[in-house]
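**Student:** These are the residues of each chain, in order.
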Amino acid sequence: MCVIGTRTTCASKILGDWVAPYTATAVERLLRAGALPLGKTNLDEFAMGSSCENSALATTHNPWDPTRVPGGSSGGSAAAVAAGEAVIALGSDTGGSIREPAAFCGVVGFKPTYGRVSRYGLIAFASSLDQIGPLSKSVEDAALVYDLMAGKDPCDATTVDRPVEATLGGFPKDLAGLRVGIVRDFALDRLEPDVRAVYEAAYGDLQRLGADLVEVALPTADYGVATYYLIAPAECSSNLARFDGMRYGLRAEGADVLETYERTRAAGFGNEVKRRILIGTHALSSGYYDAYYVRAQKARTLIAADFARAFEACDVIACPAAASPAFEFNAKSDPLAMYLMDYYTIPMSLAGVPSLSVPCGYVTPQGSDKPLPLGLELTAPLFAERLLIGVARAYESGTQHAAHRVPPVLEASAR
Amino acid sequence: MTTVVSSPVQHLEVNGIPFEAVIGIECHVELKTETKMFCGCRNLFGAQPNTNVCPVCLGLPGALPVPNRIAIELLVKAGLAFGAEIPAFSKFDRKNYFYPDMPKNYQISQYDMPLSVGGSVSFWLPDGTKKSVNLTRIHLEEDTGKSIHSGSSDGRIAGSTSSLVDFNRAGVPLMECVSEPDIRSAAEAVAYLEALKRTFVALGVSDVKMEEGSLRCDANVSIRPAGWAALGTKSEIKNMNSFRSVLRAIESELARQADVLSRGGRIVQETRGWDESSGVTIPQRSKEQAHDYRYFPDPDLVPIEFSKDDVRRLRDAAGTLPQARLERLIEVDKLTVAAAHQIVDTAGLADFYEAAARMSGSPQATANFLLGDLARLANDSGVAVAASGATPEALAELVALTASNAINSKTAKDLLVRIWTSGGSPSHIVEAEGLAQVSDLTAIDRLVDEVIAANAQTCADFRAGKNKVMGFLVGQVMKASRGKANPALAEERLRARIEAGSPA
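So the sequences go chain by chain: A and B. The opening residue of the first sequence carries number 0 in numbering that gives the first Met the number 0; numbering runs sequentially from there. The opening residue of the second sequence carries number 0 in numbering that gives the first Met the number 0; numbering runs sequentially from there.
By construction, these hints were calculated from the structure, which means they are not laboratory data. Being a predicted model, the structure only gives us computed values, none of them experimental. Ideal placement from N, C-alpha and C gives every residue a C-beta, glycine not left out. You may find that some hints are simply not true.
Stated by the list, open to error - Result set (DSS-like, lysine-lysine): computed pairs, CA atoms no more than 27 Å apart in a straight line: (1) B/K129 / A/K151; (2) B/K90 / A/K297; (3) B/K130 / B/K237; (4) B/K412 / B/K307; (5) B/K94 / A/K273; (6) A/K297 / B/K94; (7) B/K31 / B/K483; (8) B/K307 / B/K233; (9) B/K409 / B/K478; (10) A/K151 / A/K172; (11) B/K233 / B/K129; (12) B/K233 / B/K333.
Said to hold, decoys possible - Take a look, some chain A residues computed to stay more than 12 Å from chain B by CB distance: (13) T24; (14) P171; (15) M245; (16) A336.
As the list claims (entries may be wrong) - Some chain A residues well away from chain B (every beta-carbon gap over 10 Å; in silico): (17) L14; (18) R28; (19) V86; (20) P153; (21) C154; (22) E234; (23) D243; (24) R246; (25) I278; (26) L381.
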């Protein structure tokens, strides 16, 4: 996110020492409300990744276990909040980039409805999916930040001109009468037993707090990852075209314009970014456009329709934010294995609906003495942020998963 | 508007078989808006380089486009002026290609759902023939920046040592107007462009100045045996910088294609650039080298929706358009094509003409005064006719007074000068100052006799066959009448009485 006068890199070499000459609307609104910017955090290059390992600039460790990744792409934001370095951090979520690292780091991560928070000044990955949101220690802090950022921005044509319902305050005490949808197609039996037990307990907690659990279907959600990995790369192939060494950032001189483009982009982009630019360029190219991009858009429409149908039967949907806790560095060297980390978060991004991850328990992997947090993903209908925050807050205060535990690194430093 | 004088009709022939030209024109017109297409920067030609720029039109990371509503409305007005359909739903797409003067390396344009679909442009050729060219579409896009190459002798990229980019033009709203291949000659192509220009200027849509780049056009040119329905292989001609170069480039390309076919060759589909100095088109890019622009809907922009009410409001706001006006002036008032164009192309003149012509009932006489004496007065004084003391009512009176022979043309000219500066009603002035033309035979004969008496030698010359002295004698009668005599009558009486022999 651009902040005037600060180096803004997207954790990419191609932006080099680029200093933003203007400030993103979301940041501007927080600054106007008195927020003090502490600094910028690490991320997967151009927000492409689920572990923060794709950063070209630095490595971010998970405060719960430094041998593990913080998640991604907004891994630096999640780790900074988990480690107590910042009260609140901002991230951008394209397919889970706020929610997955929040789950991995045991903090709250909130992706608002697409079009609620201005993207002006957020360096784009996939414009139709990118959404800025807060990462914080508590649901209340996330609500505070959201209320300040949300609303129509004349500089972003995709922000929605519709009154913002404040999410802060007037929180419900319990979940009495709330219909929580449990997604049939996200059956927990594919998870590791200890992870599964945490989520079963979380569903139990929702019930204990007064919610009625109802089974809902998202039959097309299974196509989410495939759909996402056509639409997002297609958009990124175009969005990242501007990084060419002509006007700012890295420039690797060649004999002519074409060679300068090639050298600059070869040297400036990391492998994952290149992979997605290639996939996206192919998906949009003449002769393949209908088979890939158009079909992906149709699938996206069906996924959004599935959510609309599910929300006729329930008020919010609950599911895992990720299939596992934070993994070790280099554990997902196969790009496809990494892509599948966003299995539970991508469908919500494609549907545009508001969704957040709230800490819901811990697992300690075999052979480790370090507990790792898991996140419960709660999702509400379009623009139902107030409902979503209220439910998350009631769950948070009724379970106390977040407040009772801090990462071991912090316990050690406190002693 | 300067009308390009077309060369004689170009005959196309391949080995004795008559061929015809098939031409379609694509033109880019910069819209006359206060601000750019997707940001608040000023849309201004000729400013210091890179002074009207911001994060959006520079394509800086994170910046987002927001559409200019006025630009969208101007385009819709242009479409409506040609009877185009304005679809209820339209969208912007990205056209992806790399070029240093394009800040985002994609251009926001419209691919499959343009703002304006169909319509037709009607115009009249100098011989009075009416011609209609169908439009395929008109869509909206953003202009690119401008590369300036230095180090080469001619400012071109070849041989240059460095290039500079001015982004003032980047993001200026650009309307692309695509015609069907309905044009049959280079002269028609120019007349078509003039018709577009006339309408865009009248609507206030654009300045349409080719020399400032606010109108740029490419021509798709092919030939085929006359009367055939199938299309020949086309070439796309670029780099035409004036209406005159459009005329020359198309004629040259048509001749080249006919020549290629005459020699048994084949036309290849390619882009060719017009070279003004050598007067020929030069190959630039073949079909195989064509870009894959990877169009897709711009996710930063939401679709544009137009209700029937929006369209009606814009149509009503347009007023009388040149095409409808020319139709009336040429087909109903029977003015010449040149006169009609001159009236329609001069700011404020068409309304003046139509009011005066309606009141006088003599369109041609009205046009003659407007384009003759009044145009001269306007030219000499630098004041537009509509801004002078002359009103349509006054002109109509003058036309009527002249038509009924109540005043002669000399008086009419004098009266025009007077009302030009001080206004007033010609008939009142004529009445008050006794300027009515003298057509009374007795009075004329008296003056004629005086003149004959005073110019005996001249009359003798006339009798001896020196016809040109008649002008002098008529002038003497006019002078004696203080300009009021009916000159035709004066001449008739002079001839009759001189030939009948001097009474003296």
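**Student:** Output the indices of the hints that this structure fails to meet, ascending.
**Tutor:** 1, 4, 7, 8, 10, 12, 13, 15, 17, 20, 21, 22, 23, 24
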